[in-house]
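There are 2 protein chains.
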Amino acid sequence: MARKTGSHSEITGPRVRAAAQRLFARDGFAAVSMRQIAAEVGVQAGALYLYTPDKQALLFDLLKAHMDDVLSHWAAEPKGGGPQDALEAFVRFHIRFSLTRAEAVFLSYMELRNLTPEHFARIEALRRAYEDQLEAILAEGQVAGVFAVPDTKLATMAIIAMLTGVNTWYREGGRLSRGRVEQIYQDMVRRAVRA
Amino acid sequence: MARKTGSHSEITGPRVRAAAQRLFARDGFAAVSMRQIAAEVGVQAGALYLYTPDKQALLFDLLKAHMDDVLSHWAAEPKGGGPQDALEAFVRFHIRFSLTRAEAVFLSYMELRNLTPEHFARIEALRRAYEDQLEAILAEGQVAGVFAVPDTKLATMAIIAMLTGVNTWYREGGRLSRGRVEQIYQDMVRRAVRA
Chain A
1 MARKTGSHSE ITGPRVRAAA QRLFARDGFA AVSMRQIAAE VGVQAGALYL
51 YTPDKQALLF DLLKAHMDDV LSHWAAEPKG GGPQDALEAF VRFHIRFSLT
101 RAEAVFLSYM ELRNLTPEHF ARIEALRRAY EDQLEAILAE GQVAGVFAVP
151 DTKLATMAII AMLTGVNTWY REGGRLSRGR VEQIYQDMVR RAVRA
Chain B
1 MARKTGSHSE ITGPRVRAAA QRLFARDGFA AVSMRQIAAE VGVQAGALYL
51 YTPDKQALLF DLLKAHMDDV LSHWAAEPKG GGPQDALEAF VRFHIRFSLT
101 RAEAVFLSYM ELRNLTPEHF ARIEALRRAY EDQLEAILAE GQVAGVFAVP
151 DTKLATMAII AMLTGVNTWY REGGRLSRGR VEQIYQDMVR RAVRA
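Chains A and B, in that order, give the protein sequences. Residue numbers for the first sequence, in the UniProt record's numbering: 1 to 195. Residue numbers for the second sequence, in the UniProt record's numbering: 1 to 195.
Same shape as in the complex, but just chain A (with noise of 0.2 angstroms):
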């Protein structure tokens, strides 16, 4: 007997997302077909469509579920009071999330490309609203009088690319706790914008 395609997508939803990001990311977007994708579900090519229209789909959703992640994440994170706390708290946060998502930061910088115009705006728009988000922590601290940042907007670029390039080399059992790294880039981040 054949399932609905609603219990099916119930199902089988979870898998194939976890299944193409591990592609995607291993072998990249343009190189990974549906076909391939179902077999490491392990389901037939067609099954595959009762969850997803297409390809681009399953990229759009894979990348949004992420963003969606990150900023429902922040939300919810401890803050403290003023802007220095809530800045330490950022800084804490943005690195420790990346690294234990560390497949599907990868993917979010890898294949933007890939996205439709459209996909590509709704992406863009959430990447802003978490920008803002630290944005708005170095404005407070502007008019506070605690930091002195020429340009708010131009910190909040560099403080992300710096704490998200932490996953580009840091390795569990390394060197350096990842407690002792979110110590360190905390210290830097507070006395390059500090007044």
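To be clear, the hints were calculated from the coordinates, so they are not data collected in a lab. Since this is a predicted model, take the numbers as computed values, not measurements. There may be inaccurate statements among the hints.
[Claimed, not checked] Here are the simulated DSSO-like pairs of lysine-lysine, each with C-alpha atoms no more than 30 angstroms apart in a straight line:
| id | chain 1 | residue 1 | chain 2 | residue 2 |
| --- | --- | --- | --- | --- |
| 1 | B | 79 | A | 153 |
| 2 | B | 153 | A | 79 |
| 3 | A | 55 | B | 153 |
| 4 | B | 153 | A | 153 |
Got chain A sorted already, so can you dock chain B onto it with the hints?
Leaving out everything else, chain B in the frame of chain A:
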């Protein structure tokens, strides 16, 4: 009459590289065929093999040429007397050089995963040689007592990631001139590391 391989290579080499870089940057290494590169250059696919043994060799050539370029241009850059001047020179150089070679920089980050392990190791060694240049400046400033950096390796990675990030958002003719962007980043970096 058939041309000699040597003279043929001299004629088409730069055009092959330019075409490959353009196509790899636009569509990704995996999605581009030797046939497409040949068509872009305006030669038969067979002629391409007079210049390069395969697509992998072409990718390695592009990434290696870029790193050789970075290193030789940095070596030729005026650096002033002490570590503070050298750090300002490095920030200005890295932003300016990266923005003028945006396609090569993009490719260098995007296609590392498509290098063979042996090619990857050679490119990594060149990247490390470049990172070592900045780390030496930080270490010198540390000894001289003008910088206070808890970990020169981490500061190196943080600064390079921050500077390369400019490529993702900077647009010529945008809100800020390149000179102004360089100044703002110099200011942030100087403050992040000073004693």
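**Study point:** Violated constraints from the hint list, given by number and in increasing order
**Key:** 3
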